[in-house]
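Number of protein chains: 2
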Amino acid sequence: MSRPARYHHGDLHSTLLREANRLLDEDGIDGLSLRKLAERAGVSRTAPYHHFRDKNVLLCALATQAFSQLDEMIGRQLQGEGSKERIQHFVREYLRFATEHPEQYELMFGRTIWKSGEPTEELKAVAYRSFRNYAERLGSQLQGRLPADTDPLRVAQASWATVHGLCRLLIDGIYVNREDIEAVSEQSVALIMAALAPST
Amino acid sequence: MSRPARYHHGDLHSTLLREANRLLDEDGIDGLSLRKLAERAGVSRTAPYHHFRDKNVLLCALATQAFSQLDEMIGRQLQGEGSKERIQHFVREYLRFATEHPEQYELMFGRTIWKSGEPTEELKAVAYRSFRNYAERLGSQLQGRLPADTDPLRVAQASWATVHGLCRLLIDGIYVNREDIEAVSEQSVALIMAALAPST
DNA sequence: GCAATAATCTTGACAGTGTCAAAATAAGCC
DNA sequence: GGCTTATTTTGACACTGTCAAGATTATTGC
Numbered sequence: 015m016s017r018p019a020r021y022h023h024g025d026l027h028s029t030l031l032r033e034a035n036r037l038l039d040e041d042g043i044d045g046l047s048l049r050k051l052a053e054r055a056g057v058s059r060t061a062p063y064h065h066f067r068d069k070n071v072l073l074c075a076l077a078t079q080a081f082s083q084l085d086e087m088i089g090r091q092l093q094g095e096g097s098k099e100r101i102q103h104f105v106r107e108y109l110r111f112a113t114e115h116p117e118q119y120e121l122m123f124g125r126t127i128w129k130s131g132e133p134t135e136e137l138k139a140v141a142y143r144s145f146r147n148y149a150e151r152l153g154s155q156l157q158g159r160l161p162a163d164t165d166p167l168r169v170a171q172a173s174w175a176t177v178h179g180l181c182r183l184l185i186d187g188i189y190v191n192r193e194d195i196e197a198v199s200e201q202s203v204a205l206i207m208a209a210l211a212p213s214t
Numbered sequence: 015m016s017r018p019a020r021y022h023h024g025d026l027h028s029t030l031l032r033e034a035n036r037l038l039d040e041d042g043i044d045g046l047s048l049r050k051l052a053e054r055a056g057v058s059r060t061a062p063y064h065h066f067r068d069k070n071v072l073l074c075a076l077a078t079q080a081f082s083q084l085d086e087m088i089g090r091q092l093q094g095e096g097s098k099e100r101i102q103h104f105v106r107e108y109l110r111f112a113t114e115h116p117e118q119y120e121l122m123f124g125r126t127i128w129k130s131g132e133p134t135e136e137l138k139a140v141a142y143r144s145f146r147n148y149a150e151r152l153g154s155q156l157q158g159r160l161p162a163d164t165d166p167l168r169v170a171q172a173s174w175a176t177v178h179g180l181c182r183l184l185i186d187g188i189y190v191n192r193e194d195i196e197a198v199s200e201q202s203v204a205l206i207m208a209a210l211a212p213s214t
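Those protein sequence lines, which keep their order, are chains A and B.
Mapping of the first sequence onto our numbering: residues 15 to 214, in sequence order.
Mapping of the second sequence onto our numbering: residues 15 to 214, in sequence order.
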């Protein structure tokens, strides 16, 4: 039998997170309204405010979740010794992450949180951790192959910006052709690797 | 003496564009509401609708203006023969363009228009023209220096994505240090140029 | 077990948004 | 001067985030 409607939901916090992610996928970041969310959770308009101070905090929670996934993916894909193939595979995985969850990606890196809103300390922590993770692992993959005057951190920042730029162009709807993007990313990796000393 | 308030504004169309740009600079893209805009222009809430079908069309008009400026800048900076210095100077100018008018840049490339809204034909035309302009000029600057298996168009796409990615990270508030970004961009250019054959 | 406290949820309200419909006003044209 | 068209206005609607005050349930101290 279906549970009777109780005054106390019981597990509203995690229900809100789950349904918010669903709403994000379906209606996009603009379509995610707290009122729709509350209705989905079977609860009144202002109930969510007892679990998330405001909409910004809710969005930060979603972004934090997504960053954890990204961080986990980085760790999984960029382990072991480096090679052009491995790095290209990572880039494809990154593109896949961004395009399969475009609204989450937008939340993670977009101005909704970072500019208009105010990123949570928790979000900032996991975001910076993700990038540090990427920089360190890429650095060790390119170990000894960079020109002497080249700071590995800068290479990490530059390469991340490139992949990120491609993702944004795709996600924001400026580029629509997924295959083009993949070709461009492979070109980028090839070009950078060509500038490196061969691996020993 | 100050003009009396007339029923017909006289030049509302261009006044709206001008004040919209001011509002954009002051309050950001989220702060730009048609009602505030109408008030600034000294006109009632719905008057703008007779000059712009809806908010999306207004924003497209602003973005179109900005793209024209960008296109003009590309033509100015990327003429003549190519050199590492010239390209690095162009990148700095691009960064300057994006950071001096961050809200316009957001409008030009952001999802507000391209994903959530519907880009005007006019906007699409000038946007594509800008990129074609960039691709052609960069291609001629790198003439004969690219590896045989390297499509100049791909290089243009990749390099644009990189600079664009940097701009987004800066504009969206993820990176805050302007000098870091400049160092990263110089690193990127140096890395790509290192992969090229020396100019004849 | 029971009272006090805290957590949770609801209804009502407010200011703000984009945009439509219908009416009012002005300008241009024959 | 009268007709048509372009502008502009007022009124309205549905939507948004969020606050305040009250209702309900859970938890804790004794």
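Among these hints, one or two may not hold up.
The list treats identical chains as interchangeable, and a pair is accepted whether it falls inside one copy or across any two copies.
[Unchecked claim] Here are the simulated DMTMM-like cross-link-like pairs (lysine to aspartate or glutamate), alpha carbons at most 25 Å apart as the crow flies:
| id | residue 1 | residue 2 |
| --- | --- | --- |
| 1 | K138 | E193 |
| 2 | K138 | E33 |
| 3 | K50 | D85 |
| 4 | K129 | E150 |
| 5 | K98 | D44 |
Simulated from the structure, these hints should not be mistaken for laboratory data.
Hints, verified against the model:
1. K138 / E193: between (32 Å within a copy, 21 Å between copies)
2. K138 / E33: within (23 Å within a copy, 35 Å between copies)
3. K50 / D85: Neither. Shortest intra-copy (30 Å) and inter-copy (42 Å) distances fail the 25 Å Cα cut-off.
4. K129 / E150: Classified as neither; 27 Å inside a copy, 34 Å across copies.
5. K98 / D44: Neither: 38 Å inside a copy, 42 Å across copies.
Going through the hint list in order, the structure does not satisfy hints 3, 4, 5.
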